[in-house]
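This is what each chain is made of:
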Amino acid sequence: MSRRSTRAARPQRVPGTLTGAQIVWECLARERVTHVFGYPGGAILPVYDAMPAYPVHHVLARHEQGAVHMADGYARASGSVGVAMATSGPGATNMVTGIATAMMDSSPLVCITGQVSSGLIGSDAFQETDITGVTLPITKHNYLVTEADEIAPAMREAFYIARSGRPGPVLVDMTKDAQQAACPFDWDAAEPKPPGYRPDHRPRAAQLRHALELINGAARPVILVGHGVVLANAEGLVKTLAERTTIPVAMTLLGIGAFPGSHPLNLGMMGMHGEAWVNEAVQQADVLVALGMRFDDRVTGALNTFAPNARKIHVEIDPAEVNKNVAVDVGLIGDVGEVVETLLPGVAPNDHSAWLARIDDLRRHATARSILNFTDDGRLYAAHAIHDLWQATRGRALVVTDVGQHQMWEAQYYRHESARSLITSGGLGPMGFALPAAIGAKLARPDADVWAVVGDGGFQMTMAELGTMVQEGLKVSIAIINNGCLGMVRQLQEFFYGARYHATPLVNPDFVTLAGAYGIRGIRVTERSAVIPAVEAAAAHDGPILLDIRVETDDAVYPMVAAGAGLDQMIRRPAQEALR
Amino acid sequence: MSSTFVVYVEDKPGVLNRVASLFRRRAFNIESLTVGHTDTPGVSRMTIVVGTDRDGARKVEAHLYQLVNVLRVDDVTSTPAVYRDLAMIKVQATPDTRSSIMQLVDVYRARIVDVATDSLMIEVTGTEDKIDSLLDVLRPYGVIEAVRTGRVAMARGGARTPRVRRASAALRGPIPRLPSDADRDTPVPLSA
Chain A
-18 MSRRSTRAAR
-8 PQRVPGTLTG
2 AQIVWECLAR
12 ERVTHVFGYP
22 GGAILPVYDA
32 MPAYPVHHVL
42 ARHEQGAVHM
52 ADGYARASGS
62 VGVAMATSGP
72 GATNMVTGIA
82 TAMMDSSPLV
92 CITGQVSSGL
102 IGSDAFQETD
112 ITGVTLPITK
122 HNYLVTEADE
132 IAPAMREAFY
142 IARSGRPGPV
152 LVDMTKDAQQ
162 AACPFDWDAA
172 EPKPPGYRPD
182 HRPRAAQLRH
192 ALELINGAAR
202 PVILVGHGVV
212 LANAEGLVKT
222 LAERTTIPVA
232 MTLLGIGAFP
242 GSHPLNLGMM
252 GMHGEAWVNE
262 AVQQADVLVA
272 LGMRFDDRVT
282 GALNTFAPNA
292 RKIHVEIDPA
302 EVNKNVAVDV
312 GLIGDVGEVV
322 ETLLPGVAPN
332 DHSAWLARID
342 DLRRHATARS
352 ILNFTDDGRL
362 YAAHAIHDLW
372 QATRGRALVV
382 TDVGQHQMWE
392 AQYYRHESAR
402 SLITSGGLGP
412 MGFALPAAIG
422 AKLARPDADV
432 WAVVGDGGFQ
442 MTMAELGTMV
452 QEGLKVSIAI
462 INNGCLGMVR
472 QLQEFFYGAR
482 YHATPLVNPD
492 FVTLAGAYGI
502 RGIRVTERSA
512 VIPAVEAAAA
522 HDGPILLDIR
532 VETDDAVYPM
542 VAAGAGLDQM
552 IRRPAQEALR
Chain B
696 MSSTFVVYVE
706 DKPGVLNRVA
716 SLFRRRAFNI
726 ESLTVGHTDT
736 PGVSRMTIVV
746 GTDRDGARKV
756 EAHLYQLVNV
766 LRVDDVTSTP
776 AVYRDLAMIK
786 VQATPDTRSS
796 IMQLVDVYRA
806 RIVDVATDSL
816 MIEVTGTEDK
826 IDSLLDVLRP
836 YGVIEAVRTG
846 RVAMARGGAR
856 TPRVRRASAA
866 LRGPIPRLPS
876 DADRDTPVPL
886 SA
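Protein chains in written order, with the working numbering: chain A, -18 to 561; chain B, 696 to 887.
Think of the hints as simulated: they come from the structure by calculation, not from any bench. There may be inaccurate statements among the hints.
[Stated by the list, open to error] Cut-off 35 Å, straight-line C-alpha distance, at most; resulting in silico cross-link-like pairs (DSBU-like, lysine-lysine):
1. K754/B to K220/A
2. K305/A to K754/B
3. K174/A to K707/B
4. K305/A to K707/B
5. K754/B to K174/A
The structure displayed is predicted, hence computed values, not measured ones.
Required output: the full structure, derived from the provided sequences and hints.
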């Protein structure tokens, strides 16, 4: 091989044409993308080479999973499409967890991957992976682009599909030769028109009338609020609906924030780790108004005993979700905001004071066992740490949680007042989500006080992204809820596997020293009185901070609905005396 | 119990894979799947027989609509429809047995499409039952090999024809509304 040929040839520029790589950036800029989260490699290098000419900021992740979680955090914090980029083969396969996360939680993403040149496809070439095949079940749609002139239509359609209807991740895989070839670029001609795609559903008038009859005639109604309300930016309309009808509101994990936490009609989170009174209210209801939620198994408990006496109204944008898990009486298919707006003029103010009093009774009974009412016996429980974090941040932080016990405690003890103030992975539950998603969220909302609340196990899955955070100069505060073990799995072992704690204890690094290696300030917190000062120190510190909060290992998330049990058959928190 | 769907899809690479993958990951069992061109360029038509009850059939239909390349789905399980399967059967035939096989072929309105010294190839179309039955009566003679296309279906009468047209029109026009839009009443403010 001659020396000359080892040097990559500059793409041929033909007057009036652009290379495929340039078209990628032209499309991103026109889609108003300001940040791309990615990791370069051979098969995507033509795109990276063309990048500097365009007003898009590239964030270099430390792992492609981190890049996708960042784009996901960015999308959830901002409401716009997040963009991640990686090379072929391992770059693309590393994205899989992040893409599946976005799919399960309906998060709008466009993932761009490089692919080996079209002539090599199918030859098991170096770093060749059939990523459109791999991601088929975990994307809303995907494309394999082998010609430069297919790039613009695929990119426009990808953005359109990602953000419309029920949002989701779309992957565009483009061969290296398509990136290098030149062709005319016509943005207008590339307007998306997928003929079979129908994001614009609206419910029938008869169904709307039926729904109104049920709502207006209900004696013990509950509104169930899910992620769809956040995605549709419909929290204001839902609040109006609840207030006008005085119907109490329960939230799914991803619905948290879609209804103000301090509102008198707010019940709190329902489901597997929902508060007892919430689940009891749902079980006793005679009408459920489910808004933008999908009756996930973590929310319903055993399906055959779920809300047995309730007539169910399901407002949902995806027809495939209606009657999927729970048979409903009325399915209203459409944008949750539009449907609620159509319902509002028809709902009658209603006196539900007897029902609300009954729920208050249930609540009083349960708060007596709340860990927050435990007297300080010198132990630091995670619930206390999160409660104090809420207090010290005045409930105004944008909290990004990981997966596990701390995630549930955050959902229970951090009261969120506004939509998009909690970002967490509900459907897939990938550990390692919090730190990269917090980085994405901070870039989307630079003025927000962003906290990554993460377990010591999950943190170690993606802690390399500390490097990304420092390189970007971001102030993200990290609270490691450190119990020295994989807490949620340990809890399952405690309850259901005879307390045989195999493979759950962790030998951890010194997280404060680790933070120091990145130039991040670290504070170790070992007693309850130190939590609030540490959070205040984080607020005062000009830069990122990491709190290593050492909490009790021997603790569990209560209440808990065991898998397969009815929603009102909860394992309750033992009284404090029992822990001594 | 099985359900039969007629599915119109965009004629693009990988669409069959998307449809098959959907059935696999939602744990629906495909009993038969045929695919071919329609009279409209760019539109393919699948007939899919799925082992599922009515509840499952509703889910199959809704999930098929989640696929961007799917243009329309008709569940023809309970609509009057013509079902056809085509089979080619190669059967051993000696000079002694040939005439009796040919009589059977006549009874089943099948056709002999190839004759060799020791075998016959039979082409038969009809419902799956009819083909099963022909195979049963041919088996004693010695079936050498048999191949079947799987079920294709078309609804009777003119009712479905406009829908087919709509599926093809969809390829040219603006983004279509839900296929059942024609059956819907328009949402109206309910305060009145």
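Tested hints:
Between K754/B and K220/A the CA atoms are separated by roughly 32 Å; this keeps the pair inside 35 Å, and the hint holds. With a C-alpha separation of about 7 Å, the suggested pair K305/A and K754/B falls inside the 35 Å cut-off, and the hint holds. Proposed proximity of K174/A and K707/B is supported: the alpha carbons are some 15 Å apart, at most 35 Å. With a C-alpha separation of about 29 Å, the suggested pair K305/A and K707/B falls inside the 35 Å cut-off, and the hint holds.
A distance of roughly 26 Å separates the Cα atoms of K754/B and K174/A; the hinted pair therefore holds under the 35 Å criterion.
Hint check: no violations occur; every hint is consistent with the structure.
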